[in-house]
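Asker: Residue-level listing of the chains:
2 protein chains.
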Amino acid sequence: MRGVAALARRSVRSDTGRFLVEGPQAVRELIRYAAPSVVDVYVTPDGRARHAEIYSAAYAAGCFVHDVTDEVLAAMADADTPQGMVAVAQQPVVGLADVLDGARLLVLLHEVRDPGNLGTVIRGADATGADAVLVTANSVDAFSPKVIRSGAGSHFHVPVVSRLDVEATLAALGERGIRTLATQGDAPLALPDADLTGPHAWVLGNEAHGLPDAVAAACDERVAIPIYGAAESLNLAMAATVCLYASAFARRG
Amino acid sequence: MRGVAALARRSVRSDTGRFLVEGPQAVRELIRYAAPSVVDVYVTPDGRARHAEIYSAAYAAGCFVHDVTDEVLAAMADADTPQGMVAVAQQPVVGLADVLDGARLLVLLHEVRDPGNLGTVIRGADATGADAVLVTANSVDAFSPKVIRSGAGSHFHVPVVSRLDVEATLAALGERGIRTLATQGDAPLALPDADLTGPHAWVLGNEAHGLPDAVAAACDERVAIPIYGAAESLNLAMAATVCLYASAFARRG
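Chains as they are written, first to last, in our numbering: chain X, 18 to 270; chain A, 18 to 270.
One thing to keep in mind: the hints can contain errors.
Capping the alpha-carbon separation at 20 Å, the derived lysine to any residue pairs in SDA-like fashion look like this [said to hold, decoys possible]:
1) X:K163 <-> A:D131
2) X:K163 <-> A:D97
3) X:K163 <-> X:A23
4) X:K163 <-> A:G34
5) X:K163 <-> A:A69
6) A:K163 <-> X:A91
7) A:K163 <-> X:A96
8) X:K163 <-> X:A91
9) A:K163 <-> X:S167
10) X:K163 <-> A:S167
11) A:K163 <-> A:S250
12) X:K163 <-> X:Q42
13) A:K163 <-> X:H83
14) X:K163 <-> X:P109
15) A:K163 <-> X:Q42
16) X:K163 <-> X:S31
17) X:K163 <-> A:E224
18) A:K163 <-> A:E224
19) A:K163 <-> A:A96
20) X:K163 <-> A:E249
21) A:K163 <-> X:P109
22) A:K163 <-> X:E224
23) X:K163 <-> X:D32
24) X:K163 <-> A:S250
25) X:K163 <-> A:A66
26) X:K163 <-> A:A96
27) X:K163 <-> A:G133
28) A:K163 <-> X:G133
29) A:K163 <-> X:D32
By construction, these hints were calculated from the structure, which means they are not laboratory data.
Owing to the predicted nature of the structure, the values given are computational and were not obtained by experimental measurement.
Working from the sequences, and respecting the hints, build out all of it.
Answerer: Structure representation (structure tokens):
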């Protein structure tokens, strides 16, 4: 139990390769899509009563399921309200080479810092049928409890490749014929005018500083999301979602 | 100072009609777009040094500007990091009748609960040039510190009309010839197929429960945002932003 709570710390996740999954929705998707990676599932009596089908699925998948009290669950969880259920799972080991074959839509986040933003982008990538989410080094850990929570189960639907070097990643995308589209507020090309029919990757920068000019310049195209009102910008998760949906709609005509 | 901190409470905002604006970006937009509503501005020496142009603008606009210490600002603020500057302002008094004339794009949120979602929708409405954000009763207070923070200044760019009755609002929109589009995951019409050329309002429901069927049925059209992957849904702010951008792009051909 103390070991579970410790997974809120990045160093412990890194050392053990494990992470914490909280709440019925995320636990359900974990069991459905990544059962072999499950180490343990912890359920309160209330969680078991409310989500009997998740409890059954965990057993059917051969997971170790432990009955715990509300107090024990609260002590293990990072969330204020883990809703009766948490799991510990092994992080997937997935590299860039594993996700690029045949990829048509990707998103690359450079030095993203806010966990809610990263989780929301993973959810948006999943919703739009993207092939993977790529995250550079010096970003928030994609398997932190807050990122998992805002991902709402999408971590188990779409591969997330982390700790990437941005230049090497752009080069690898280029070699595969995947066009890289940097989003920048002052870019000359507006999103509705961008050609989104072929394989491409959206490249978005840090919340406060955006993309470094050198990174944007290394992309094939710079694209601006038009701002029609007086807002200075969109937040990172909104920007990524708007771009990804533009791609998903363009591909389907 | 104690009175400022009390503005974190909804009852105090309601009784006084005042609200708290935190951080240089929001204070700058407040002064630029709504200077007559400013009651007081509080600035630390560091905030004054870093944002001299906001300090000057506040003086030029005739605002009462008070120099305070970091400790005093921290005690007044709701944010962990108010970044050297907060303001107290009078809430705008704006009703439905004030925003419907000539409106072409609106968003109506029904019983939205998460402050980050509401603020992000206000920011998205601003970015897409929407004419107003409408919020029903039993929603989070649009002028709470968290909503103001995630709005990133957009509260001062786009009118926000709160405490609305949903049925009366749908009727008022209908009378003005503004089509109402309910977003529902199982709606028969997909977003890319919706006709978004005329005046319309997006209608979105609560984060957990979506729109009640009766509200969706009272709208002119039910529209689904397609999910191409395995995600169950989008979060409210993402859904609203994707719909609003679809409208903004459609209007401009």
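Asker: Please go over all the hints and tell whether each is borne out by the structure.
Answerer: Hints and how they fare:
Using a Cα cut-off of 20 Å, the hinted pair X:K163 and A:D131 holds, with the two alpha carbons roughly 16 Å apart. Restraint check for X:K163 and A:D97: the C-alpha separation of about 18 Å stays at or below 20 Å, so the hint holds. A distance of roughly 14 Å separates the Cα atoms of X:K163 and X:A23; the hinted pair therefore holds under the 20 Å criterion. This hinted pair does not check out: X:K163 and A:G34 have alpha carbons roughly 35 Å apart, beyond 20 Å.
Under the criterion of a C-alpha separation no larger than 20 Å, the hint pairing X:K163 with A:A69 is inconsistent with the structure, at around 36 Å. As the CA atoms of A:K163 and X:A91 are separated by approximately 25 Å, the hinted pair breaks the 20 Å bound. Between A:K163 and X:A96 the alpha-carbon distance is near 19 Å, which keeps this suggested pair within the 20 Å criterion. A distance of roughly 15 Å separates the Cα atoms of X:K163 and X:A91; the hinted pair therefore holds under the 20 Å criterion.
With a C-alpha separation of about 18 Å, the suggested pair A:K163 and X:S167 falls inside the 20 Å cut-off, and the hint holds. A hinted pair counts as satisfied when its Cα atoms are at most 20 Å apart, and X:K163 with A:S167 qualifies at roughly 18 Å. A C-alpha spacing of about 24 Å is found between A:K163 and A:S250, which places the hinted pair above 20 Å, so the restraint is violated. This hinted pair checks out: X:K163 and X:Q42 have alpha carbons roughly 14 Å apart, not beyond 20 Å.
Among the hinted pairs, A:K163 with X:H83 is inconsistent with the structure: their alpha-carbon atoms are about 37 Å apart, more than 20 Å. Distance restraint check for X:K163 and X:P109: the Cα-Cα separation of roughly 18 Å lies within the 20 Å cut-off, and the hinted pair is therefore satisfied. For the proposed pair A:K163 and X:Q42, the alpha carbon gap of about 26 Å is over 20 Å, so the pair is violated. Taking the CA atoms of X:K163 and X:S31, the gap is near 16 Å; set against the 20 Å cutoff, the hint holds.
As the CA atoms of X:K163 and A:E224 are separated by approximately 18 Å, the hinted pair is consistent with the 20 Å bound. Pair hint A:K163 plus A:E224 holds up; C-alpha atoms about 17 Å apart against a cutoff of 20 Å. For the hint linking A:K163 to A:A96, the alpha-carbon distance of about 8 Å falls within 20 Å, and the restraint holds. The suggested pairing of X:K163 with A:E249 holds, with an alpha-carbon distance near 19 Å, which does not exceed 20 Å.
With a C-alpha separation of about 35 Å, the suggested pair A:K163 and X:P109 falls outside the 20 Å cut-off, and the hint is violated. For the proposed pair A:K163 and X:E224, the alpha carbon gap of about 18 Å is at most 20 Å, so the pair holds. A threshold of 20 Å between alpha carbons decides the hint, and for X:K163 with X:D32 the separation of about 19 Å falls inside it, so the pair holds. A hinted pair counts as satisfied when its Cα atoms are at most 20 Å apart, and X:K163 with A:S250 qualifies at roughly 18 Å.
Note on X:K163 and A:A66: the hinted pairing is violated, with a Cα-Cα distance of about 35 Å set against a maximum of 20 Å. Restraint check: the Cα-Cα separation between X:K163 and A:A96 comes to about 19 Å, which is no more than 20 Å; the hinted pair holds. Among the hinted pairs, X:K163 with A:G133 is consistent with the structure: their alpha-carbon atoms are about 15 Å apart, no more than 20 Å. Only pairs whose Cα atoms come within 20 Å are accepted, and A:K163 paired with X:G133 is accepted, the gap being roughly 15 Å.
Taking the CA atoms of A:K163 and X:D32, the gap is near 35 Å; set against the 20 Å cutoff, the hint is violated.
Hint check: violations occur at hints 4, 5, 6, 11, 13, 15, 21, 25, 29; the rest are consistent with the structure.
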